[in-house]
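Taken in sequence, the protein lines are chains S and P.
1 is the number of the first residue of the first sequence in this note's numbering; add one for each residue after it.
1 is the number of the first residue of the second sequence in this note's numbering; add one for each residue after it.
One should not assume that every hint holds.
[What the hints assert, rightly or not] Which residues of chain S face chain P? A partial, calculated answer using Cβ under 10 Å:
#1 Ala41
#2 Val54
#3 Lys57
#4 Ser60
[Said to hold, decoys possible] Label pairs and their computed distance ranges (CB to CB):
#5 Glu101/S to Met382/P: 27 to 37 Å
#6 Asn61/S to Gln377/P: 45 to 55 Å
#7 Asn107/S to Thr110/P: 46 to 56 Å
Honestly, the hints are just simulated from the structure, not real lab data.
We put the CB at the ideal spot given by N, CA and C, even for glycine.
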Amino acid sequence: MSRFMKMEREDTVATALEKTSKGEAAEIHDTNNNKIYSIIAKEDIPYGNKIALVDMKKGSNVIKYGGNTGECTQDIKTGYLVHVHNVKSYSVNIPNSIIEEIKRQMNIRGEEKNDI
Amino acid sequence: MIFKGYRREDGKVGIRNKILVIAVDECCEGIVRAIAKENEDAVVLTNWYTCMLGGNEETFNQMIAVAQNPNVAGVIVVAMGCGSIQPEQIGNEISGKPVRLMTCEKVGGTRKSIAAGIEMLKEIESHISGLKREDCNISELVIGIKCGGSDTSSGIASNPSVGKAADKLVDLGSTCIGGELFELIGCEDILKSRAVSEHVAEKIVTLINNEKTRWGVPGADVETMSVGNCVGGLTTIEEKSLGALHKMGTKPIQDVLQINKYGVERPGEHGFYLSEATMLCGGAGVNYASYGAHIILWTTGAAGFNNSIVPVIRVSGNQSIINEDIDIDATGIMNGSEGIDEVSDRIVEKVVSVAGGTLTQVEGVGDATMTLYQKDQRVESMLNLNCIK
């Protein structure tokens, strides 16, 4: 069981306030620290990272703080990690070499992720 | 609200008595360092952009502006003598505090120049020893706002509490200046609605677009979000921006202060300002010093930053980096034990205390270099970027 914070009502992601392991319950809280509901983490979500609260299609917007924060580069299912391997900026992208370094440091294996 | 500050001859208030020793060219930097090491309040500011003036006007303008900062109580300007920038060109722009000028080639030798510079330093020290703190109003303070090493806790804890503190400081009559326009990409509509006029709204959009162009040159693969930002949980510049926006409070935006080859714009009426202070920490410190800031509020997820002229108050909500370097622990917001309002009250109290002479947690300990950052005029020209007249 692990705490997450959803910043605005319309957000499609919530942020991990604790390191979360695959299979663990992600308890979603609002900014007043009230628990709203709970979902299952389908992969490890490191502290500070985002979990998908809804199924998102490739090309759809990732909403956080009530605003559009990026575009899904692949389908993302509820409970999975939402990050540089499956989301890009609308305006200025992170260079690919840097994305690879981030994935290496975080041990993200994007290719296999939605197989379960 | 009252604090004890130093009233300068021009009426402005300083909160520290720093001695700025400027090396207008890198060749005289060794001499300048040898002079500055004689006084712990002496700060070296070096122009690393060669000794030419043409093309480096933005740096030239910042050297003058930092010298004019009210936290600087005296200035020594040093040049080697063979470059295009002479000490008089900077010295003549500074008033209300002792200024000493030296051209090393005229003094005749490195050792003689160091000895002459140390004499100048002693004269300024003697001037400073006669300065006394007196009652000043918090409305006379100018506060820079900056984030660094941003991670998820920045958007949830430290940025919102600094934003709330900025609102409270503006209500008390102070001036707050935000910057990092690149990290406001995606927030244009919200910012425009806060602008005090149509002109300011246009200026916000134009200057943010300029940053987008500068940092998004196709094929250049310039890194704009650090690996650390992303490992900390930030995915796109838009996400970083919306989190960063929280530190800017909610008050009307009076203007966007530019720093460019034509000069440094300063805040006029009290209130909240945006500015061209860069998102790059070291350069931002000198940018804020140029705008006349007394203190910088710095929200951090996982990094360090300080400045020798403008004390930096560090605010963090990341439990894993809370140590003796952090002035304001905002982790209570993360674990639900403290509210944004309470943390912002502690930030305002800290601002008043630091203004009155209390050192920040890292002040004077391992100070960072005074980075003079400028936009490359060749790139500006090729990208056809223009400032707002």
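Each hint, compared with the structure:
1. Ala41: violated, 15 Å
2. Val54: Given a least distance of 16 Å, the restraint on Val54/S is violated.
3. Lys57: violated, 17 Å
4. Ser60: Given a least distance of 14 Å, the restraint on Ser60/S is violated.
5. Glu101/S to Met382/P: 27 to 37 Å: holds, 29 Å
6. Asn61/S to Gln377/P: 45 to 55 Å: violated, 38 Å
7. Asn107/S to Thr110/P: 46 to 56 Å: holds, 54 Å
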